[in-house]
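Kindly generate the complete structure, drawing on both the sequences and the hints.
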Amino acid sequence: MSRAQHSNEAVTPSEKHHGDLAQQYGGRHTGNWVGKLPPSWIPYVQLARLSPPAGVFLVFFPHLFGLVHASILRQLPLTQSLRVGALVGAGSLFLSNACHGWNDMVDAPIDKLVTRTNNRPIVRGAVSPRAAFVFTASQALAALAVLVVLPKAAVVTAVPSIIANLYYPFSKRHTHLTQFILGVSLAWGVNVGTAAVGVMPWEEDALAPTACLFAASVLWTVIYDTIYAFQDVKDDIRVGGEANAYRGVAGVSLTNYRYC
Numbered sequence: 001m002s003r004a005q006h007s008n009e010a011v012t013p014s015e016k017h018h019g020d021l022a023q024q025y026g027g028r029h030t031g032n033w034v035g036k037l038p039p040s041w042i043p044y045v046q047l048a049r050l051s052p053p054a055g056v057f058l059v060f061f062p063h064l065f066g067l068v069h070a071s072i073l074r075q076l077p078l079t080q081s082l083r084v085g086a087l088v089g090a091g092s093l094f095l096s097n098a099c100h101g102w103n104d105m106v107d108a109p110i111d112k113l114v115t116r117t118n119n120r121p122i123v124r125g126a127v128s129p130r131a132a133f134v135f136t137a138s139q140a141l142a143a144l145a146v147l148v149v150l151p152k153a154a155v156v157t158a159v160p161s162i163i164a165n166l167y168y169p170f171s172k173r174h175t176h177l178t179q180f181i182l183g184v185s186l187a188w189g190v191n192v193g194t195a196a197v198g199v200m201p202w203e204e205d206a207l208a209p210t211a212c213l214f215a216a217s218v219l220w221t222v223i224y225d226t227i228y229a230f231q232d233v234k235d236d237i238r239v240g241g242e243a244n245a246y247r248g249v250a251g252v253s254l255t256n257y258r259y260c
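The numbering used here puts the first residue of the sequence shown at 1, with every later residue one more than the last.
Any given hint could turn out to be false.
[To be verified] Distance windows between CB atoms, simulated:
#, residue 1, residue 2, range
1, Y228, E203, 18 to 24 Å
2, A131, V155, 25 to 31 Å
3, R173, N118, 15 to 21 Å
4, I72, A215, 15 to 21 Å
Hints in this document: simulated from the structure, not taken from any laboratory.
No residue lacks a Cβ here, since even glycine has one placed at the ideal position from N, Cα and C.
Quick look at the structure:
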């Protein structure tokens, strides 16, 4: 048996899955539809994590939860809910792109020290810091353009989410609760989605169910982001980041669960 054959057979499903994730979110992915794009576009698709577009859906779903709940609560016409849903979907795409660009701009010094992320577009020089800023700003402005089309209450309600998203990448440097901060920033979309159809999240008949949706979305985000963070746990310990999966509250729980 050749060394190459032995090497291929030695790869476990877990290792292959880790390799697939590294390709998708480590800045190397060029497969499927991405490879058909002009070469100069590909680094920006990688920067925005658009293949696969999991981040877009993770931004969109909390907004959708709030929108659907409020639509049912007020018995809104389906056409109105679909129209607002389309706007929220477009805004979620631009917001996801902007957040990923912002995250990679702030995290570039750390990303170059982590095995899975040391080939991301900014780190490897495929996207310059200035170009990354222009891309991120353009996506943020596009998201804002969608937001201002929604009711004024939705614009006001979105402010805490904007602040949390701006702070999130910095939180990795000085807190153990980064997953929770990400959870709040994404789950706040429940409130924005509720306000997008004219229902205030703090109204008496909307407050309790909206709060439950928000809390559930925070918990959901903490769980999946902690699982995602475990890919980099060895590098996190070596680099010394405060937000690594072993130090976070949810990470401690998952670590203990491994030995049960």
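CB-CB spacing for E203 and Y228 relative to the 18 to 24 Å hint: Once the Cβ atoms are compared, 35 Å apart, the range 18 to 24 Å for E203 and Y228 is violated.
Please test the hint of 15 to 21 Å on the beta carbon pair from I72 and A215. Holds, at about 19 Å.
Take a look at whether the Cβ-Cβ distance between R173 and N118 falls inside 15 to 21 Å. holds, 18 Å
Do A131 and V155 keep their Cβ atoms within the hinted range of 25 to 31 Å? holds, 29 Å
Going down the numbered hints, you'll see the structure goes against just number 1.
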